[in-house]
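The task is simple: from the sequences and hints, build the whole structure.
2 protein chains.
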Amino acid sequence: MKVVVLLSGGVDSSTCLALAVKQHGAENVYALNIMYGQKHSKELSCAQKIADYYHVPYHLIDLSLIFSKSNCSLLQHSDQPIIHKSYNEQLKDLGGSGTVSTYVPFRNGLMLSCAASFAQSIGASAVIYGAHADDAAGRAYPDCTPEFVEYMNKAIYEGTGRELVIEAPFLNSNKAGIVKQGLELKVPYELTWSCYEGNDQPCGSCGTCIDRKKAFELNGAVDPLLQSTK
Amino acid sequence: MKVVVLLSGGVDSSTCLALAVKQHGAENVYALNIMYGQKHSKELSCAQKIADYYHVPYHLIDLSLIFSKSNCSLLQHSDQPIIHKSYNEQLKDLGGSGTVSTYVPFRNGLMLSCAASFAQSIGASAVIYGAHADDAAGRAYPDCTPEFVEYMNKAIYEGTGRELVIEAPFLNSNKAGIVKQGLELKVPYELTWSCYEGNDQPCGSCGTCIDRKKAFELNGAVDPLLQSTK
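Protein sequence lines correspond, in order, to chains P and D.
Per our numbering, the very first residue in the first sequence carries number 1; after that it's consecutive.
Per our numbering, the very first residue in the second sequence carries number 1; after that it's consecutive.
Hints are computed from structural coordinates only; laboratory data are not their basis.
Do not rely on the hints blindly, as some may be mistaken.
It does not matter which identical chain is used: a pair holds within one copy or between any two.
The calculated lysine-lysine pairs, modelled on DSS-like cross-linking and capped at a C-alpha distance of 30 Å, are [as the list claims (entries may be wrong)]:
{"#": "1", "residue 1": "Lys49", "residue 2": "Lys186"}
{"#": "2", "residue 1": "Lys214", "residue 2": "Lys92"}
{"#": "3", "residue 1": "Lys39", "residue 2": "Lys69"}
{"#": "4", "residue 1": "Lys2", "residue 2": "Lys180"}
{"#": "5", "residue 1": "Lys69", "residue 2": "Lys92"}
{"#": "6", "residue 1": "Lys22", "residue 2": "Lys186"}
{"#": "7", "residue 1": "Lys92", "residue 2": "Lys154"}
{"#": "8", "residue 1": "Lys180", "residue 2": "Lys69"}
{"#": "9", "residue 1": "Lys69", "residue 2": "Lys22"}
{"#": "10", "residue 1": "Lys154", "residue 2": "Lys69"}
{"#": "11", "residue 1": "Lys85", "residue 2": "Lys180"}
{"#": "12", "residue 1": "Lys69", "residue 2": "Lys186"}
{"#": "13", "residue 1": "Lys42", "residue 2": "Lys85"}
{"#": "14", "residue 1": "Lys69", "residue 2": "Lys2"}
{"#": "15", "residue 1": "Lys2", "residue 2": "Lys39"}
{"#": "16", "residue 1": "Lys154", "residue 2": "Lys2"}
Here you go:
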């Protein structure tokens, strides 16, 4: 059975890819990455390296024009700075729940739809992506919630003539749970990139850097990206 | 309230646009068209003309690369011919139900997702599109069925942080019902294009030509595109 994995080059999607390769064999796995106009291209080159590492074909599609009117802080043309606070703190600032400034309008819905069109075109049966509970908390990223995934899955199933499903294997895990599985699978995390800034080293203080560091620590491990900066 | 209308330049979406302009005022309506690699560009120029007619801004986004692996007969690179039979006959050939060869993989899901990202970026509250009962019959186009629209609507609502909905005002109408409304709204159907072939005049024998002609006839009217060929 052929599957398409949405691969951004971060921890979650790289672990998804490792799991898919283990379950389906590299010959049945296709990696798809989407450019949406992000501020830096570092994670794009990381995604390519991860796909190469696992010997799976890598496809890149540019959807950045769709977001040309958005002022989300992740986007190249945005004048909003990346907020250097943990997601928990950002949610507190929002009064407990609400979308964070790094939420890109319906990005995951668009990526999943894109993956569905691509997947059905090549005769694949599933689209796999790395949504997880931490991103869904407080609806910080509403396009990561279990409700969203459930409805999107049903929309894709019905809309493709019942040929395709979404799998979100980490939907009930947090990032620490993903890293736990990834360490067992020996995911080459030194090739991944999560930081929202595109510098040589992770900034260590944006929401995703804070979450990533904690996820490794909770597994008694050190993020190889931080090791190499010592 | 701002709304985004998916406008392809055919009968259904042009009537959608007319209805949206009547309900919300031209100043609140945005037309969005998606290139998906279709065999001809005739409907693109028609969509532009319809948007101009109604004085609404027109945005065009190219998603054709996503479908580069599909062999759907509507696509430029496909070696499959357009079938010159009515949808009813095509469904009979498929044993009563199934996707027709002009179904583009999850195209409507992708277009709606694209429209959702665009709409939320500009602060719109709804995405409007022209799915109707004829296209849904026998799941000829599975991405036009009420089930698909329901789940996609819920996915977009949840995935945008409950800021955006889909409206499909013709979901329970057939094409004749759409033309009935359109004639009342004085939609300039002479500017629209439906035929799957990109010739000077409609071929008259592809599924959409047959449906279009019948829809006008059922309203005791003649399609202005056919009038001008006399």
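Inset, instruction - Have a look at Lys39 and Lys69 and pick one of within, between, both or neither, based on CA distance no larger than 30 Å. - result: both (15 Å within a copy, 29 Å between copies)
Inset, instruction - First find the shortest C-alpha distance between Lys154 and Lys2 inside one copy, then the shortest across copies, and answer within, between, both or neither for a cut-off of 30 Å. - result: both (19 Å within a copy, 28 Å between copies)
Inset, instruction - Check Lys92 against Lys154 for me: Cα-Cα at most 30 Å, and say if that holds within a copy, between copies, both or neither. - result: Classified as between; 27 Å across copies, 32 Å inside a copy.
Legend entry - Homomeric proximity label, Lys69 with Lys2: Cα distance no greater than 30 Å: between (35 Å within a copy, 14 Å between copies)
Inset, instruction - Go through the copies and call it for Lys2 and Lys180: within, between, both or neither, with a Cα cutoff of 30 Å. - result: Cα proximity of Lys2 and Lys180: one copy only (26 Å, versus 45 Å across).
Inset, instruction - First find the shortest C-alpha distance between Lys69 and Lys92 inside one copy, then the shortest across copies, and answer within, between, both or neither for a cut-off of 30 Å. - result: within (27 Å within a copy, 45 Å between copies)
Legend entry - Lys214 and Lys92: within-copy, between-copy, both or neither at 30 Å Cα: within (19 Å within a copy, 59 Å between copies)
Inset, instruction - Indicate which option fits the pair Lys2, Lys39 if close means a Cα-Cα distance not exceeding 30 Å: within, between, both or neither. - result: between (32 Å within a copy, 28 Å between copies)
Inset, instruction - Pop the pair Lys22 and Lys186 into one bin, within, between, both or neither, using alpha-carbon distances up to 30 Å. - result: within (11 Å within a copy, 59 Å between copies)
Legend entry - Copy assignment of Lys69 with Lys22, given that the CA separation must stay at most 30 Å: Between copies only: 25 Å across, 40 Å inside.
Inset, instruction - Since the copies are identical, ignore which copy is meant and state whether Lys154 and Lys69 lie within 30 Å (CA to CA) inside a copy, between copies, both or neither. - result: both (29 Å within a copy, 24 Å between copies)
Inset, instruction - Can you give me the call for Lys42 and Lys85, within, between, both or neither, at a CA distance of at most 30 Å? - result: within (21 Å within a copy, 50 Å between copies)
The structure fails to meet hints 8 and 12 from the earlier list, while all remaining hints are met.
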